[in-house]
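*Asks:* Each chain, written out:
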Amino acid sequence: MNAIPTCREVERDLVAVAAGEAGATEARGVERHVAVCRDCRDELERYRVLEGMVTDLRRAPLAEADPTLSRAELEARLADIRSRMVSYGIFPSPLGKILIARSELGVSMVRYIDSEASAKAYLARLAGDEAVEDPAAVEATYRELLDYLNARGTRLSWPLDLRWAQGDFQRRVLAVTAQLPYGAVTSYGGIARRIGAPASVRAVAQALRHNPIPIAIPCHRVIGSGGDLTGYAGTRIGLKERLLSLEGVPVGHRARKIERGHMYILAEGEVEYCVPSCGDISRKPLAEVTLFGSRQHAEAVGLSPCTSCRPDLHPLSA
Amino acid sequence: MVRDMTEDPFETVVAAHHAEIHRYLVRATSRPSEADDLSQETFVRAYKAYRALPPDANVRAWLFAIATNLCRNHFRSEGRRRQAMALAAAGASESGPSWPEGEAIANQTSVRIDRIVTALPFKQRLAFTMRKVHELDYEAIGRSLECSAESARAHVFQALRKIRRELDDLDVVHTERQP
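Sequence lines, in order, name chains W and R. Each step along the first sequence adds one to the number in the numbering used here, with nothing skipped, and position 306 is 306. Each step along the second sequence adds one to the number in the numbering used here, with nothing skipped, and position 173 is 173.
Treat the hints loosely; a few may be bogus.
To be verified - Taking lysine-lysine and the DSSO-like style, the derived pairs with C-alpha atoms no more than 27 angstroms apart in a straight line are:
| id | chain 1 | residue 1 | chain 2 | residue 2 |
| --- | --- | --- | --- | --- |
| 1 | W | Lys120 | W | Lys97 |
| 2 | W | Lys120 | R | Lys48 |
| 3 | W | Lys97 | W | Lys257 |
| 4 | W | Lys284 | W | Lys257 |
| 5 | R | Lys48 | W | Lys97 |
Keep in mind that the hints were calculated from the coordinates and are not lab data.
Start from the sequences, fold in the hints, and give me the full structure.
*Replies:* So this is what it looks like as structure tokens:
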């Protein structure tokens, strides 16, 4: 038979027994000890009484501890954070790795990336801890983008969140560029004219260079005044060419120029599109026209064939 | 179809746990106004980390850990700690602003215990509150306090022993001795 535990040895177990947390061995030790030790028997009783009082704490009201106001303030803070929060994911695509970010308001970023680490660092600089990696939240957006890039769709009808546009000028440039139809191109000068600042060609080019949502805001449809592709997303001019080819815009591969002679032309302010040989239309500067790679895409935006040159009867050879 | 981000599952988390975390922080800080701030901060932090939380995580225990961590930072400034101690001492002898007498009459023992708890060392106070008021298990308490479950149990034991002694002095725990 084991020796009966001492008062000192049993002290902690007394508390455990009173709380109903003791194991069988501890409980037996306590039982044997209190059978012979009145002080510890009383002590156990006190702990049991205390346990009951402590249990009452769970029900006792806390003075001045109404959480209602704090809860209301919290809800307001969360709503504010939620509106500033962006979820993002990094996905593979036919154009390489792409980062997609969106907020409550809409898609806020599409970015071609080389390294995930530097892309995340960039986003962290831009958004701090309000950017949260959550691929599931942008998965649907990604699927739509994939369909678009795989020619299974011609529209990205996403709500856009221009939080990362810089200033009113860039917002105007982006808004006008977003209106360029699928399969159409114009020049930087053309965008400058449409925002009512025809001299600001370089500023327009600069604004599009920092387009936070390429593809969805189709800056790839904006080219140099001579028809050359100029630049895209840094040094990714090859992507611009692929995006345009996807839309049926003929690009001369060696010179990376749009082949204006192979495109339908819409003059500024007109609702009919022409072949390049119609009147003097081919002499109009690119800034004053919009070019379409195919009749289908011109007519998709409600344009009719010109009644003089009849592109419907004399289509351009593909 | 794009997921509707206005239907935020975190709203359910706030609804289920804010009141309890607030109660915990009132005891942990002994100042309702600080509990207001810290409970908000707890949920703001939780909101930002929520998406990365594994689906099978114990959200309640996780919230207690965040709240406890904020409390620790809050009290890390020794000045604040002393201020709280001084307040608790004042509250023990006269009715302080946090513990008005009207409530004390109805819940005298609870109020006394709360006052004793307020004066306990940080880990004992929080371990006791998490275990005895909120009934968290020792594993969860250990994670909150960054110690083992066994240490958490020891903190609760120390707290109970001190409370028992204080109440004994106040002659609250009274058992008839048989001759």
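*Asks:* Now look at each hint and say whether the structure bears it out.
*Replies:* Going through the hints against the structure:
no.	hint	verdict
1	W:Lys120 to W:Lys97	13 angstroms, holds
2	W:Lys120 to R:Lys48	16 angstroms, holds
3	W:Lys97 to W:Lys257	26 angstroms, holds
4	W:Lys284 to W:Lys257	17 angstroms, holds
5	R:Lys48 to W:Lys97	25 angstroms, holds
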